[in-house]
Amino acid sequence: MRNFPVPYSNELIYSTIARAGVYQGIVSPKQLLDEVYGNRKVVATLGLPSHLGVIARHLHQTGRYAVQQLIYEHTLFPLYAPFVGKERRDEAIRLMEYQAQGAVHLMLGVAASRVKSDNRFRYCPDCVALQLNRYGEAFWQRDWYLPALPYCPKHGALVFFDRAVDDHRHQFWALGHTELLSDYPKDSLSQLTALAAYIAPLLDAPRAQELSPSLEQWTLFYQRLAQDLGLTKSKHIRHDLVAERVRQTFSDEALEKLDLKLAENKDTCWLKSIFRKHRKAFSYLQHSIVWQALLPKLTVIEALQQASALTEHSITTRPVSQSVQPNSEDLSVKHKDWQQLVHKYQGIKAARQSLEGGVLYAWLYRHDRDWLVHWNQQH
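Using the UniProt record's numbering, the first residue of the sequence shown is number 1, and each one after it goes up by one.
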């Protein structure tokens, strides 16, 4: 297709294809598929599309937009990639370049996930006003389509159309500003807007592209988290205390809206499961709820970095007591390592965000908190 439009920042590639149809005056869905893909059987997929190699070729003249860039900057793939492990992540990227036939959704756990999305189109009126002012047209923005979280990270609850993405398998619907609805959402929850804002960097941070911890690393991460926060008794997680901490940040109403209500009386409660041995991937939403509640000072990227840096030797298997404290020589080495990292990264925050720094900081916080706090205050 000639004159294929260049995607706007944070625009879904689905939206770019829909705009191509508008620009060319193409009314027939099958004709648009012919023009874009040379294949009338392609299914119009909003969040995790395939055939992206074809789109990359249409954009070749721009000198940008290789397939992986399209995947990370113009699909919802970054919300799944960090939580499925490196092998599945890389295989999903390969499939999205060609004809996936639904395999990507299965591989990333979309079909089996308890986090279900409303397939209706939605938009943020404030964002659309900004789009019209800046670009002269409206488009479907990625952060309006956070699965099961219909909140704009900047402005709150979204407005829904009656039309759904899968009403027509082959139709790419464009967002026309003339069809915008006049009613605004009335049930916005500040907790969920804050959660959307917390999650949004997953869509934008290049650093997140190589962060896909294994199931073993996630298991260690949550074991260490419970130990660091004193949420264990002997070798066991105090699930009641974990739930109490989560409820301090998220009300039952907010969790119910996400279909992630805490059923502490059931052994299958998702919050209990995430602190046990990981045998399957959990959704971006489940991880983010725990992090925002228990690690409020860490960004979503910092939490991923810490999980990615863990090894089986990164965590003790029992609570630290005076009898198992490291000796002075070990402490001296760790002190020196931390000081060198802070100087290397020119600051405490940057050092904590590094892969090695996150683990070292947690170790010192657990074993020699007084020294760590005192030294950091001096720098």
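Careful, some of the hints might be misleading.
Distance ranges between label pairs, derived from CB positions [stated by the list, open to error]: (1) V373 <-> Y23: 39 to 49 Å; (2) K116 <-> E244: 43 to 53 Å; (3) T299 <-> G136: 58 to 68 Å; (4) K344 <-> S214: 40 to 50 Å; (5) N265 <-> R94: 27 to 37 Å; (6) G230 <-> K154: 33 to 43 Å; (7) Q339 <-> H60: 46 to 56 Å; (8) L132 <-> E244: 40 to 50 Å; (9) Y365 <-> N3: 51 to 61 Å; (10) L106 <-> E216: 17 to 27 Å; (11) K116 <-> Y345: 24 to 34 Å; (12) E256 <-> T299: 18 to 28 Å.
Since the hints were made in silico from the structure, they are not lab data.
Note that the Cβ used here is the ideal one computed from N, Cα and C, for glycine as well.
Results for each hint:
1. V373 <-> Y23: 39 to 49 Å: Once the Cβ atoms are compared, 59 Å apart, the range 39 to 49 Å for Y23 and V373 is violated.
2. K116 <-> E244: 43 to 53 Å: violated (27 Å)
3. T299 <-> G136: 58 to 68 Å: With a Cβ separation near 34 Å, T299 and G136 fall outside 58 to 68 Å, so the hint is violated.
4. K344 <-> S214: 40 to 50 Å: The hinted range 40 to 50 Å is violated for K344 and S214, with Cβ atoms some 27 Å apart.
5. N265 <-> R94: 27 to 37 Å: violated (43 Å)
6. G230 <-> K154: 33 to 43 Å: holds (35 Å)
7. Q339 <-> H60: 46 to 56 Å: The hint (46 to 56 Å, Cβ to Cβ) holds, given that Q339 and H60 are roughly 49 Å apart.
8. L132 <-> E244: 40 to 50 Å: holds (45 Å)
9. Y365 <-> N3: 51 to 61 Å: At 56 Å between Cβs, range holds.
10. L106 <-> E216: 17 to 27 Å: Because 22 Å falls inside the window, the suggested range holds.
11. K116 <-> Y345: 24 to 34 Å: With a Cβ separation near 41 Å, K116 and Y345 fall outside 24 to 34 Å, so the hint is violated.
12. E256 <-> T299: 18 to 28 Å: Once the Cβ atoms are compared, 26 Å apart, the range 18 to 28 Å for T299 and E256 holds.
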